[in-house]
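Participant: As a plain string of letters, each chain reads:
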Amino acid sequence: MASFVPLSPDTLEDQRLYTSARLTEVACLDCLATVGVKKNSEHHTSIQWSTEARAHCPELTRRAGGRESHAGCPRMLASIETAVREGAVPVGAEDGY
Amino acid sequence: MSDTGSSTRYLDQGKPPERFARGWHCLGLESAFADGKPHGIEAFGTKLVVWQDSQGGTNVLDGYCRHMGGDLTQGSVKGDEVACPFHDWRWGGDGKCKQIPYARRVPLRARTQKYPVVIRNGQVLVWHDVEGGAPDMDVLPPELPGIGTDEWTDWFWEVVPIEGSNCRELIDNVVDMAHFYYVHLSFPTSFRNVFEGTRATQYMASKGRPDVSGGYGDAEMFLKSEATYYGPSYMINWLEVDYKGFITEVVLINCHLPTGPDSFTLQYGIAVKKPEGLDEKTAQYIAKKYATMFGEGFLQDVHIWKNKVPVQNPLLCEEDGPVYQLRRWYEQFYVDVADIAPEMVDRFEFEVDTTKANEFWQAEVAENLAKKAREDGEGADGVANPEAEGKPQVMTGT
Ligand code: FES
Ligand SMILES: [Fe+2]
Numbered sequence: 001m002a003s004f005v006p007l008s009p010d011t012l013e014d015q016r017l018y019t020s021a022r023l024t025e026v027a028c029l030d031c032l033a034t035v036g037v038k039k040n041s042e043h044h045t046s047i048q049w050s051t052e053a054r055a056h057c058p059e060l061t062r063r064a065g066g067r068e069s070h071a072g073c074p075r076m077l078a079s080i081e082t083a084v085r086e087g088a089v090p091v092g093a094e095d096g097y
Numbered sequence: 001m002s003d004t005g006s007s008t009r010y011l012d013q014g015k016p017p018e019r020f021a022r023g024w025h026c027l028g029l030e031s032a033f034a035d036g037k038p039h040g041i042e043a044f045g046t047k048l049v050v051w052q053d054s055q056g057g058t059n060v061l062d063g064y065c066r067h068m069g070g071d072l073t074q075g076s077v078k079g080d081e082v083a084c085p086f087h088d089w090r091w092g093g094d095g096k097c098k099q100i101p102y103a104r105r106v107p108l109r110a111r112t113q114k115y116p117v118v119i120r121n122g123q124v125l126v127w128h129d130v131e132g133g134a135p136d137m138d139v140l141p142p143e144l145p146g147i148g149t150d151e152w153t154d155w156f157w158e159v160v161p162i163e164g165s166n167c168r169e170l171i172d173n174v175v176d177m178a179h180f181y182y183v184h185l186s187f188p189t190s191f192r193n194v195f196e197g198t199r200a201t202q203y204m205a206s207k208g209r210p211d212v213s214g215g216y217g218d219a220e221m222f223l224k225s226e227a228t229y230y231g232p233s234y235m236i237n238w239l240e241v242d243y244k245g246f247i248t249e250v251v252l253i254n255c256h257l258p259t260g261p262d263s264f265t266l267q268y269g270i271a272v273k274k275p276e277g278l279d280e281k282t283a284q285y286i287a288k289k290y291a292t293m294f295g296e297g298f299l300q301d302v303h304i305w306k307n308k309v310p311v312q313n314p315l316l317c318e319e320d321g322p323v324y325q326l327r328r329w330y331e332q333f334y335v336d337v338a339d340i341a342p343e344m345v346d347r348f349e350f351e352v353d354t355t356k357a358n359e360f361w362q363a364e365v366a367e368n369l370a371k372k373a374r375e376d377g378e379g380a381d382g383v384a385n386p387e388a389e390g391k392p393q394v395m396t397g398t
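Protein chains in written order, with the UniProt record's numbering: chain A, 1 to 97; chain B, 1 to 398.
Next up, chain A with everything else stripped away, as it sits in the complex:
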C-alpha cells in the first residue's frame, strides 16, 4: 500500500536525487548529533536528521514536541554555518536544483 505509486522507474531516481543525493555530513560542535546538509545556493539550506542524531540533540529534546519544537536548534545551525564558511559544504545546484 502506498499513496500515489509512480509508473516509471525514472521517478525513483528523481526521488533519490531530490532527497538523499548530495547530502554532506555536518557534526554539531556542541553535541553528538550529525546531520546531512545540502545547500543549493547561499540562500537555501536543507537539513536531514536521523533518528539517532535527533536523540542526541539536547535542545530539540528539551522542547518536547510543542509548537516551539518547529524552530531549528541554534547550535546545529551555527555548526552548519561554520562548516559552510570553512568550505566543508559544497554550495550550488545541479541542473537547477
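I should point out that these hints are in silico values taken from the structure, not numbers from a laboratory. Mixed in with the good hints, there may be bad ones.
Unchecked claim - Derived pair list, reagent style DSSO-like, types lysine-lysine, alpha-carbon separation capped at 30 Å:
1. 224(B) / 39(A)
2. 372(B) / 207(B)
3. 47(B) / 37(B)
4. 207(B) / 39(A)
5. 78(B) / 37(B)
6. 288(B) / 207(B)
Please arrange chain B with the ligands on chain A, whose structure you already have, making use of the hints.
Facilitator: Chain B with the ligands only, in chain A's frame:
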C-alpha cells in the same frame, strides 16, 4: 537513469492511492450535529452517520445499516441510538445493535463500523485506520488556548466539496513557495518547512502586492503565518495580520475529508481574537471579512487543482520547496504501521531566503505599476486593474 539534458521530460502521473490515510479527520463543528437528528457525511469512500446522544456525546458510525443496508442518515435518533428507517434496528455509538423492536433477540454479530470520536476546539474529530488500530491520542491536534471563550469569535465554518482532484494536491501546498505570488498575489518574504513525526510545518512571512490589488492599500499588509499539519488532514494555521500597524490574531483550520480517489471535501474554519476596544459586532464583521478573503484564496487553489494533472516526478528549480520530502512524510499515513520507514518520520528542515525570487518579483511589480500609471494617464476610467478587484492580497499556509 537521470536526465542527461538531451531527452524530453515527461510527466509520471502515477497510480492513485487505494486506501485512505490513517489519522484524525475533522467532520465539522460539534454544534452542527447537536439538533437530535442523524447527519450524513461523505468520507473514506462511504457515508458516515453522525448524531448526538442524550448525554451530549457525538457518535459516528458507518452510514449503512448492517441488516439490509438501510441509510441510517435518513433514520432518526431514538433515545441514545440511531434508528434505521428500513426496519428500525437501533444502533449505539459503540457500534453495537442495541435493539430490534420486532425481534426477541439481537444477533451477537450485529456490530458495525464505528469511528472513535474526540471533540477538539469545538470540532468533531474521528480516527480513521484501515488496519483497525486503536486511536492514537498522542497525535491529536492541540487545544487552542482562548478559543471557545469570550476573547475569540466563534468559528466561521465553510464546507467546499472538490471533484476532480486527489487531496494530495492540497497537501503539496505546504512546500509551494512560488505559487503564493502567482496564484495568491502575495510576496513571500521568508519561507521555512519542518517535517517531523506526524507533523509538517510551514512558516511564511508575506506582504501584499501593490500592483494587482485595486487600491486598497494592501501593500501595507504584512502577514506572519505558521501552519502545521497534525497528521494527514488537519492543519492549524496561526496568522498574525499587520495592517498599517493594527495587528490581528487569526486562527485558520484547514482540513479535509477524502471521499474518493479524485474527490475530497475541503473544510475551513476561521476564528479571530477580538481586538481590544472593539465591540462584538465589529469583531464578528472582521472575522467574516477574513473568512471571505481566505475563502477566495482557497478558490484560487481549487481552480488550479481542477485543471492540473497529478505528477509523481515534479521537476524542481533551486527556489522550489521540498516537495519530495513532504510526500515522503505523507506516505507514512498510507502504509501499514509496521511499514513506516524512519525516513518518513525523521526530522527534516528546509529554509530558503526568498531575497532572490523577490528581486525578480519586485521588478515585475514595478513594471506593472509603471504600465498602470501610463494607462491611467491615457484612459478616462480610474479603475487600476479591474480583474484584480476583490481578490485577496494575503494568503495562508495553503
Ligand atoms: S436495513 Fe436497517 S433495519 Fe433493516
Ligand atoms: Fe495556495
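Participant: Next, verify each hint and record whether it holds.
Facilitator: Do the hints match the structure? See the list:
Using a Cα cut-off of 30 Å, the hinted pair residue 224(B) and residue 39(A) holds, with the two alpha carbons roughly 25 Å apart. Distance hint between residue 372(B) and residue 207(B) is fulfilled; the C-alpha atoms sit about 20 Å from each other, no more than 30 Å. For the hint pairing residue 47(B) with residue 37(B), the CA-to-CA distance comes to about 16 Å; that is within 30 Å, so the pair holds. Taken as a hint, the residue 207(B) and residue 39(A) pair is honoured in the structure, with Cα atoms around 26 Å apart against an allowance of 30 Å.
Of the pairs offered as hints, the one joining residue 78(B) and residue 37(B) holds, with about 9 Å between alpha carbons and a cut-off of 30 Å not exceeded. Of the supplied pair hints, the one linking residue 288(B) and residue 207(B) holds, its CA atoms being roughly 21 Å apart against a limit of 30 Å.
Checked against the numbered hints listed earlier, the structure breaks none of them; every hint is satisfied.
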